[in-house]
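K.L.:
In my numbering, the protein residues as written are 1 to 227.
It should be emphasised that the hints constitute simulated quantities derived from the structure, not laboratory data.
Cβ coordinates follow ideal geometry from the N, Cα and C atoms, glycine included.
There may be inaccurate statements among the hints.
[Unchecked claim] Cβ pair distances, simulated, as ranges:
1) Asn189 <-> Met1: 46 to 52 Å
2) Ser188 <-> Ile56: 46 to 52 Å
3) Asn106 <-> Ser16: 53 to 59 Å
4) Asn106 <-> Glu12: 54 to 60 Å
5) Arg11 <-> Glu138: 38 to 44 Å
6) Asn131 <-> Asp2: 30 to 36 Å
7) Val63 <-> Ser15: 51 to 57 Å
8) Gly62 <-> Ile197: 36 to 42 Å
9) Val63 <-> Asn189: 34 to 40 Å
10) Asn189 <-> Gln210: 41 to 47 Å
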Amino acid sequence: MDTLLNNETSRESTSSLFSMTYFGDKVLSNKDFYLPVIFTAKKEIEDYSDFLNEKISYEEDGVTKEVSLFEFLLDFIQYWPEEDIKKFKAIIDNVKLTADEVEKINISIYEDAIFHSTYLDLLEEINNSNNNSISNYEHKIYKDYKTALNFNYAAIYFFRELQSVLGSGELAITDEIKKLNSEISDLSNLEKNIIFIAFILQFIIFIIIQFFEITSVHREINKKRKI
Numbered sequence: 001m002d003t004l005l006n007n008e009t010s011r012e013s014t015s016s017l018f019s020m021t022y023f024g025d026k027v028l029s030n031k032d033f034y035l036p037v038i039f040t041a042k043k044e045i046e047d048y049s050d051f052l053n054e055k056i057s058y059e060e061d062g063v064t065k066e067v068s069l070f071e072f073l074l075d076f077i078q079y080w081p082e083e084d085i086k087k088f089k090a091i092i093d094n095v096k097l098t099a100d101e102v103e104k105i106n107i108s109i110y111e112d113a114i115f116h117s118t119y120l121d122l123l124e125e126i127n128n129s130n131n132n133s134i135s136n137y138e139h140k141i142y143k144d145y146k147t148a149l150n151f152n153y154a155a156i157y158f159f160r161e162l163q164s165v166l167g168s169g170e171l172a173i174t175d176e177i178k179k180l181n182s183e184i185s186d187l188s189n190l191e192k193n194i195i196f197i198a199f200i201l202q203f204i205i206f207i208i209i210q211f212f213e214i215t216s217v218h219r220e221i222n223k224k225r226k227i
């Protein structure tokens, strides 16, 4: 997404310069330039919506919970510093807000221009180039285009933060694994010591038993001799 937006910034700069020429202003309209981005954003919203609203089931303190990804992440970072939690909540709210704005765009009014453009449409764009210019920042198409870009930027910030959340989770799990490995090692050493002590005790018990058996044998022999 970073690469796509960087390319978009470069494309917008180049096309803006081209549109400043007489020829460029005639052949490049706002429909050519902005509509594909708007249409793509609308389709991406559907994929993101499925991903972000998918229910996640997990068990906590013996209770099974089913929540959305956003709810799961907020629960996951509940022990973070308050400022970091506020920042992450703001990023989530911005994703939701910009996604809602993109969903409000009526793409049906643009689909004919994207997929069923005619020569008459092209002629109208050329004859009315001032209104259809990509530099016409008051045009609805441009405003919808900026709405789509705002969502893309919000999504990037969210996924960057999500990477941090997952990274912190990975560190926590790694620390927990190290702790468990240390406990296993300690228990293993304890087990070795217990086995060694048990062997020593068994050996001592064996010697004592043998001592009494030998003593008993000697006693029986002495009794027979006296008889």
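K.L.:
All hints, please: hold or fail.
P.N.:
Hints, verified against the model:
1. Asn189 <-> Met1: 46 to 52 Å: About 50 Å separates the Cβ atoms of Asn189 and Met1, which means 46 to 52 Å holds.
2. Ser188 <-> Ile56: 46 to 52 Å: 36 Å, violated
3. Asn106 <-> Ser16: 53 to 59 Å: 26 Å, violated
4. Asn106 <-> Glu12: 54 to 60 Å: The hint (54 to 60 Å, Cβ to Cβ) is violated, given that Asn106 and Glu12 are roughly 23 Å apart.
5. Arg11 <-> Glu138: 38 to 44 Å: With a Cβ separation near 21 Å, Arg11 and Glu138 fall outside 38 to 44 Å, so the hint is violated.
6. Asn131 <-> Asp2: 30 to 36 Å: 33 Å, holds
7. Val63 <-> Ser15: 51 to 57 Å: With a Cβ separation near 55 Å, Val63 and Ser15 satisfy 51 to 57 Å, so the hint holds.
8. Gly62 <-> Ile197: 36 to 42 Å: 38 Å, holds
9. Val63 <-> Asn189: 34 to 40 Å: About 36 Å separates the Cβ atoms of Val63 and Asn189, which means 34 to 40 Å holds.
10. Asn189 <-> Gln210: 41 to 47 Å: Once the Cβ atoms are compared, 32 Å apart, the range 41 to 47 Å for Gln210 and Asn189 is violated.
The structure is inconsistent with the numbered hints 2, 3, 4, 5, 10, although it conforms to all the rest.
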